[in-house]
Amino acid sequence: MKSAAKKTEYADEHTEWSGGMVTEGKDVPEALEEQTITFQAIGVDDDLAPEGAPAGNGKVPAAEGAADEAAPTADPTADGAGETAQAAEDTDRAEEPPHAVESADDSEPSAAAVEQAGADGTDGADVANSADKSDIAEESDIAEVSAASEVLNASEVLDAPEVPEDPERTASAEDAPEAAAETAHEPTAHEPTGQSELTEWSEPTEWSEPIGLAEVSGPVREVPLPKPVSRALTAALSNLKNSVTGLRLGLDVPGVEDARKAQAEILAQLENYVIPRVHMSTAPALVVVVGSTGAGKSTLVNTLAAAKLSVTGVRRPTTGTPVLACHPDDREWFAKGEVLGGMIRVDRPGTDGTLESLVLSTSERLPPGVALLDTPDIDSVVEAHHEVAHRMLDAADLWIFVTTAARYADAPSWGVLRRAKERGARLAIVLSRVPVKSRDVIDKHFARMLQEYGLGDVERFVVNESVVTAGRLPEEEVAELRMWLTELSVDDQRREQAIQATLDGVMSSFRARVPALARHLEAQVAFRAELRTDVDAAYMAALAEIDEVTTNGSLLRGEVLARWQDFAGSGDLMRTLHLRRPGRLTTKASQQAPARSRAFKQALRAALESVIVSAGQRAAEEVVNRWRQRDGAGGRLAASPGLGGPSEEFVRRVGRTVGAWQEHVVGLVRSGGVAKRSVAKLVSFDVESLALVFMIGLLGYGSSEVAETSGTGTLPDRLLRGVLGADSLRTIGTKARSDLRARISLLFDEETLRYVQVLDEAGIPDEAAAKRLYQATYNLEVAR
Amino acid sequence: MTVSGGRAGTMETRSDLGQRMAALAKVVELGPGRVDPALIAEAGRLLLRAGDRLKLSGEHTVVALAGGTGSGKSSLFNRVSGLELSPTGVRRPTTARPHACVWGIDGAGPLLDWLQIQWRHRFARASALDRGESQLHGLILLDLPDHDSIRAITDHEADRLIQIADVIVWVLDPQKYADAATHGKYVAELAGHEAVTVFALNQADRLAPEELAECVVDLSDLLKREGVQHPRIVPTSAATGRGVNSLKSVLAESVAGRRAAVQRLEADLDRLMGRLTKVMPKAQTMAVQPTVDLARQEGLTDALSDAVGVPAVGEAMENVYGVRSLDWVGWPFARWASRLRPDPLASLRIGNLRDEIKAVTAAKVSAQPAEVENAVQALADGLTSGMPEAWRNGVRDAARSQVKRLPEVLSGELSETAPRLDRVPGWWRLLKVWQYLLVALFAAGLAWAGAIVVYGVLKLGKAPAELLGDVSVLPWLGVMVVSVLGLGLLSAIASRNFVVLGAGKERDRLERDMRRRISVVSKDMVVKPVEQELQRYNEFFAALAAARR
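Residue numbers (the numbering used here), protein chains in the order written: chain V, 1 to 784; chain B, 1 to 549.
No lab work stands behind these hints, which were simulated from the structure alone. We treat Cβ as the ideally placed atom computed from N, Cα and C, and that holds for glycine. Careful: at least some of the hints might be erroneous.
[Unchecked claim] Simulated pairs of lysine-lysine, DSS-like, Cα-Cα distance not exceeding 30 Å:
| # | chain 1 | residue 1 | chain 2 | residue 2 |
| --- | --- | --- | --- | --- |
| 1 | B | 364 | V | 601 |
| 2 | B | 224 | B | 185 |
| 3 | B | 185 | B | 248 |
| 4 | V | 601 | B | 358 |
| 5 | V | 261 | B | 278 |
| 6 | B | 185 | B | 278 |
| 7 | B | 404 | B | 528 |
| 8 | B | 404 | B | 364 |
| 9 | V | 308 | V | 437 |
| 10 | V | 421 | B | 185 |
| 11 | V | 261 | B | 185 |
| 12 | B | 432 | B | 505 |
| 13 | B | 505 | V | 601 |
| 14 | V | 601 | B | 404 |
[Said to hold, decoys possible] Just the calculated beta-carbon pair ranges, DEER-fashion:
| # | chain 1 | residue 1 | chain 2 | residue 2 | range |
| --- | --- | --- | --- | --- | --- |
| 15 | V | 771 | B | 299 | 20 to 28 Å |
| 16 | V | 541 | B | 332 | 55 to 63 Å |
| 17 | V | 663 | B | 33 | 40 to 48 Å |
| 18 | B | 55 | V | 254 | 35 to 43 Å |
| 19 | V | 547 | B | 378 | 19 to 27 Å |
| 20 | B | 33 | V | 512 | 39 to 47 Å |
| 21 | V | 727 | B | 390 | 52 to 60 Å |
| 22 | B | 364 | V | 254 | 49 to 57 Å |
| 23 | B | 423 | V | 727 | 36 to 44 Å |
| 24 | B | 33 | V | 739 | 36 to 44 Å |
[To be verified] Examples of chain V residues lying across from chain B (beta carbon under 10 Å, computed):
| # | residue |
| --- | --- |
| 25 | 554 |
| 26 | 607 |
| 27 | 738 |
| 28 | 739 |
| 29 | 742 |
Turn these sequences into a full structure, and let the hints guide you.
Written out as C-alpha cells, the structure reads:
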C-alpha cells in the first residue's frame, strides 16, 4: 500500500510509475470481503482525490467518448466515477451487469476506488488533463445514482491496465478505437487519431490482450507488486518473437529438424508463457506435474485435489489429455488465460481425448493461487505425449517432477532434469512408489545422483508405495507436498521468487537457444553458398575446358579434318580467291564448291557443338557429384530429376548458339575484309569460305599436329593476313573469340539457372535474419 | 518331435539359410557404390555374425533377459536358474555386466567367449543335478544390463547382446511396459522376430487379477499395433515365483528345437531384406538384357564413325584423288595452259602457300574426342532407361571407363587402314611417262614436219635424210601429230575416269574397313565393360531375390 501511495504522488510527473498501484484495485465482486480490505487500503490516498478526479474526467472521454452520458454532478469525484463507469460498459462487456448490481451497495467505498482509478487514468492519459470536467458536464446528463452504481465497474475496468503494470500504455491502447469520439473535446492537441497514439507506444498490440485478462482477474489478496516491466523489455520480447516467427529454415542441412523444433519451442514459450507472464501478477502460479508413464502423476494430482480429476489405471500410458486442477477461484483465470492459450479448454476428458485440449477442473482442497497441471508422460510409446508434456513444461511456473523407485535412473527422466537445469526452472522432485523397507537406501542413492548432477539442493519429497483407492493415495503420503503447495499459496514472496526464478531462467536460456538458432541459420546460408559455388565451379571448369579445346586445335580432328582436307586438297581453298577478271569460265569444280564448303561448315559446327555438349554434360554430373558429397540437403537436392545431365533444351540451344556464332564470324570477315583496299582491287574472295578458313585458324589449326608451324605462321593465318591485313585479322580474331566465349557463358548460365531454381525451391535462408536474432537476444539482455 | 527329427529340420533350415546368406554375400559384394553404404555395412555385419553363430555350438540356445531398469531381470534370472547368481537390489541401475547361466556346459565355452561374457559372470547348471529340468539342457540364459537408464547412454552392452542373442525375453513390468525406450528402438524394430521373442510381464504380483488381465490385453494390443502378430506374453512374478514355470516351459520349447539361432538369423535377414527392398525396386521386374543388342552396337559404330569422320574421309579421298591425279595423269598441255593463268596467291605475295595447301592432305585420320564421348554417353543413356539411379551411373561409368583412350586408339587403328591422301600410285607415274612420251612424240612430229617444210617444200637445203625431205609424208605426219595430241587427251580423260572409278571403289572399301575396325575397337573398349556392368546388375538383383526368399 505504501508503495502504491508513493507512486500515485508521482503520477503526473512520471507516468510510468503509476503502474505500481494497480494491484490494489484487483477487486472482483465474488470476493467482497477482500474487496473491502482493498478499498480501505486505497482510502489512504484520499488526499489525492482532487488531483485524480479531474484527471479521470479527462481520461475517460479519451478512452470512451462516453462523456455525453455522464451526470453533471457537483462532486467531481462522482463525476469522474460516472464516466469511468461508462468506460467500463464497453470494455467490460461480459461481466459488467452483475458487477454493477452487486456493487451498488458498495458505492461508498467504491468512490475511493474510483478516485484511485481516476488517478490511474490521469497517469495513463496525462494528455487528457486539458479536457476539463466542465466540458464533460455540459454534455452529460446521467443520473447520479447510476453513476454511483457503476463505480465499481469503473474501478474494475480501470484496474485492467494494472495487470500489465503500465497503465499509460493500456490506456492508450484503449484509447485507440475511441479516438474519434475523443476529438470532440480535444480537436487537435492530443491523439487526433488512434493511429498516431498507437505508433507512439512501441507495442500496442501486446496490450490488447492483458485487458481481456483483467476482466477475469483473480481474487484480490495482498500480492506483492510485480516488478514494473519496462517498455524496453516488452519491445525486446516482441522483437524477439517477431524475429523467431519470421525465421524460415528451408534447407535440410544437418540438424535442421532440431533447429525447427527449437524454433517452435522458443516461439511457443514466448507466446504461451514469457510474454503473458511478464505482464501478469504472480498468482495463480502454474505448477506442472511431469514425469514418466506409470510414475503416478495423476494419482498425485488426484490425491492433492482430494478428488478423482485425472484418470488413473494400469494401462500405460494413462493420461492422454492434460488436466489442470485449480482452486475454484482460479478457474476463470485459467479458462481464458493467456497461458497455454493454444489449447482448447474442456470440462472433462472427451472420448476423443485430443492432445490439443486441456481439461479444467477445480477442487476446494487445492490451495488458491497454485494450479496443478497433470501432463501426459515423457517416455511412453506414444510420442505425441512427450511433445505435449514438453510444451506444458515450457509454460510452467514451477515444475514438479515425479519419478519412482523403479525409474529414477531412466534416461528420459534425467532428460527432463537436464532440461530443468538448463532452463533454470524452479523444480521440486517427487520420488514416488518407494517400497517402505528400502526407502532410505533409494532416497540416499537418488539424492547422491542428484547431488552429482548439481541438483542436490532441489526440494525432494518421497511418497511411499501404498494402496491406491479411487485413484488416490492415502492423505498422509502427500502431507508434506501439500504443505509445500500451501506455503506457496500463502507466502506471496516465495511464490513470486519461484515464478521469477523460472521466468528468469527461461529468459536466460534464450541467451543460448536463440543464438544457436541464429548459428544454424548462418550454417544454412553458408551451406547454400557452398552449393551455389559448386554449381559455378563446375561450369567454370567446363568453360575453361572449352577454351582450351578451342585454342589448341584438338577440335580439328575427325570429320572437320577430313572436310578441311577435302576443302583444301580439292582446290576449293584456292578458288576462294579470284582475281578480278570478268568472263571467267566456271568449271565443274567451282560449281561443287558450295556443297563442299557447306559440308565443311557443317562439320565445324558439329564439332564445336559436341565439345560444348560434352562439357555441359560433364559439368552437370560434376555438380550433382559435388552436391552428393555435401551432407543432408545436398544429396536430396542432387536427386531432383534431370539435374544429373544437361537440360532437354541444351543440345538444341547449343546448335543455335554455334550457328549464330558462325554467322557472326562471317559478318566479321565480311566487314573486316573491306579494310584492305589494295587487295580488294586485285582479288575478290568468297566471304563464306574465307570465314571457314578463319575459323579453322581461330580454333588453333597451327598448334595441333595437323600441320607444322612454319616460320611465318600457320596456313590460315598467312592466307588471311594476305587477304585481310594483319591488324584487321587481329581485331576480328579477338572479337570472334570473345563472342564465342560470351555465347557459351550465356548458354551455361541458363544451365546454371536450373540448379539455382532447385536451391531456391528448397528455401532461401535470409542472411539478415541471423543478425536480427542476435540483435533481438542482445536487446532482451539489455532490457532485463 | 524327436531329437533326431529336430536335428534334421535344423539341418534343412540351416542349408536354406546358408543359401540365402550366400546370396546376401553376393549382394554385399556387388552392392558397394550402388546401395546405401549403411545397409551394405549392416549386411556385412549380419554375414559375419551369421558365420560366427552357425560355426559355434548349435546345441546351445542363447536366451537373453532384456528390459528396462527395475523390471526385475536379475530377479527373474535368479528365479529361473534357482540360484542367487545375479545380484538384485533397489538401487537403479543394478546390473552393469551381463551374467550367464548355462545348462549343460559342454561346448558352450566358445559361444560364451563370442558373447563376451566375463568369466566371473559365467555360471553352469549341471542338468543332472536338476531332475525335471533336463528339458532346459542347452540353455544359456543371459541377464542383461538395462538399456534405458542413464548408464546405458554410454554403455551399449545390452544393445549389443540384444542384437546377437538367439531368443530375447523382454522383461516388462506394469509400470514400464509401454516405455518408448523399449518399444521404439527394439520391439517395433524387431517385430518380425516373434518366433524368437517372448514377453514376460513381470511383477504381476503387484496387480490385482483383473488389473493384470487388463494390463496383458493392453500390452498385447500395443504389440500388435507395432507389428508383432502373435505376441507370446507370460505374466510372471519373480517375487512370488508365479509364472516362472510357464516361462521355463516356453524357454524349454525353444531350447529343445535347437532352431532358435537359425530362426533369429532368418528374422534378421528378413528385416534387412525388407529394408533393402524399400530402397531397391522389386527384382523380378528389374532384369535387363545382359548384352548390348546389335542395333545399339550398330548405333555406337555409326556415332563413332561420325566422330572419326568416315564418310568425310571417303569423300575427301575421292575428291582429292581426282584433283591430284590431274598432276600425274592429266593432259600436260591443259596443265601448262592453267599455269599461264594469273595466280591470286602470287598477286598477294603469298605464293609459297600453294605447297602448304597441298601439304594439308598429308595429315592422318583422327577421332574427335568430344564426339566420341557423346557417342558413348548416348549408348549408356539408351541402355539404362528405367534403371535405378545408382546403377545407371554404374553403366555410364563402365561405358566411359576407357573413353579417354578411345580416340587415340581409334586414330591409331584407322590410320593404318586409311590411305594417305598424298600417296601416288605407280600407274600414275607410268601414265605420266606415257603422257610425256606422247608430248615428245608430238614434239618430234612437229620437228619432222618442220624439217619437211624446210627441206621438202621450201627446198632450202639438202635433207640430211630422205624422210625429212619427203613431202608426201607430210599429211601422214599431220595425222600422226594430231592423233598423238588426241591420244594424250583421250588417255588423260580415260585415266581420270579410272582414277575416279578407282577412288570410288577405294572409298567403299575404305569405309567398310574403317567401320569394321571401329566396331572391333568399340566392342572391346565400350561394349565389353558395359556388358560386364549389366551382368553385375543382373547378378545383383538375382542375388537380392534369392536372399529375399
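We went through each hint and held it up to the structure:
With a CA separation close to 20 Å, the supplied pair residue 364 of chain B and residue 601 of chain V stays within the 30 Å bound. Restraint check for residue 224 of chain B and residue 185 of chain B: satisfied, since their Cα atoms lie roughly 16 Å apart, inside the 30 Å limit. Straight-line distance between C-alpha atoms of residue 185 of chain B and residue 248 of chain B comes to about 26 Å, which keeps the hinted pair within the 30 Å bound. Only pairs whose Cα atoms come within 30 Å are accepted, and residue 601 of chain V paired with residue 358 of chain B is accepted, the gap being roughly 20 Å.
About 28 Å separates the Cα atoms of residue 261 of chain V and residue 278 of chain B, which keeps this hinted pair within 30 Å; it holds. The straight-line distance between the Cα atoms of residue 185 of chain B and residue 278 of chain B is roughly 19 Å, inside the 30 Å bound, and the hint therefore holds. Our distance criterion of 30 Å between C-alpha atoms is met by residue 404 of chain B and residue 528 of chain B, whose separation comes to about 16 Å. As the CA atoms of residue 404 of chain B and residue 364 of chain B are separated by approximately 20 Å, the hinted pair is consistent with the 30 Å bound.
This hinted pair checks out: residue 308 of chain V and residue 437 of chain V have alpha carbons roughly 29 Å apart, not beyond 30 Å. Proposed proximity of residue 421 of chain V and residue 185 of chain B is supported: the alpha carbons are some 27 Å apart, at most 30 Å. A threshold of 30 Å between alpha carbons decides the hint, and for residue 261 of chain V with residue 185 of chain B the separation of about 21 Å falls inside it, so the pair holds. Restraint check for residue 432 of chain B and residue 505 of chain B: satisfied, since their Cα atoms lie roughly 22 Å apart, inside the 30 Å limit.
For the suggested pair residue 505 of chain B and residue 601 of chain V, the alpha carbons sit about 27 Å apart, so the restraint of at most 30 Å is met. Our distance criterion of 30 Å between C-alpha atoms is met by residue 601 of chain V and residue 404 of chain B, whose separation comes to about 27 Å. In this structure the hint that residue 771 of chain V and residue 299 of chain B lie 20 to 28 Å apart at CB is violated, the actual value being about 58 Å. Checked against the hint of 55 to 63 Å, the C-beta distance between residue 541 of chain V and residue 332 of chain B comes to roughly 58 Å, which is consistent with it.
Range check, residue 663 of chain V to residue 33 of chain B: Cβ separation about 46 Å, and the 40 to 48 Å hint holds. Between residue 55 of chain B and residue 254 of chain V the Cβ separation comes to about 40 Å, which falls inside the hinted range of 35 to 43 Å. Between residue 547 of chain V and residue 378 of chain B the CB atoms are about 25 Å apart, so this pair conforms to the stated range of 19 to 27 Å. In this structure the hint that residue 33 of chain B and residue 512 of chain V lie 39 to 47 Å apart at CB holds, the actual value being about 42 Å.
Between residue 727 of chain V and residue 390 of chain B the CB atoms are about 57 Å apart, so this pair conforms to the stated range of 52 to 60 Å. For residue 364 of chain B and residue 254 of chain V, the Cβ-Cβ distance of about 55 Å falls inside the hinted range of 49 to 57 Å, so the restraint holds. Remark: the range hint 36 to 44 Å for residue 423 of chain B to residue 727 of chain V is upheld by a beta-carbon distance near 41 Å. With their beta carbons about 43 Å apart, residue 33 of chain B and residue 739 of chain V fall inside the hinted range of 36 to 44 Å.
Given hint, residue 554 of chain V at the interface with chain B, holds; its Cβ is 7 Å from that chain's nearest Cβ, closer than 10 Å. Residue-level restraint check for residue 607 of chain V holds (minimum Cβ-Cβ distance to chain B is 6 Å; threshold 10 Å). A least Cβ separation of about 22 Å between residue 738 of chain V and chain B goes past the 10 Å threshold, and the interface hint is therefore violated. Proximity of residue 739 of chain V to chain B is violated relative to the hint, the smallest CB-CB distance being about 20 Å (cut-off 10 Å).
The beta carbon of residue 742 of chain V is not positioned within 10 Å of any beta carbon in chain B (closest approach about 20 Å), and the interface hint is therefore violated.
Of the hints listed earlier, those the structure fails to meet are numbers 15, 27, 28, 29, in rising order.
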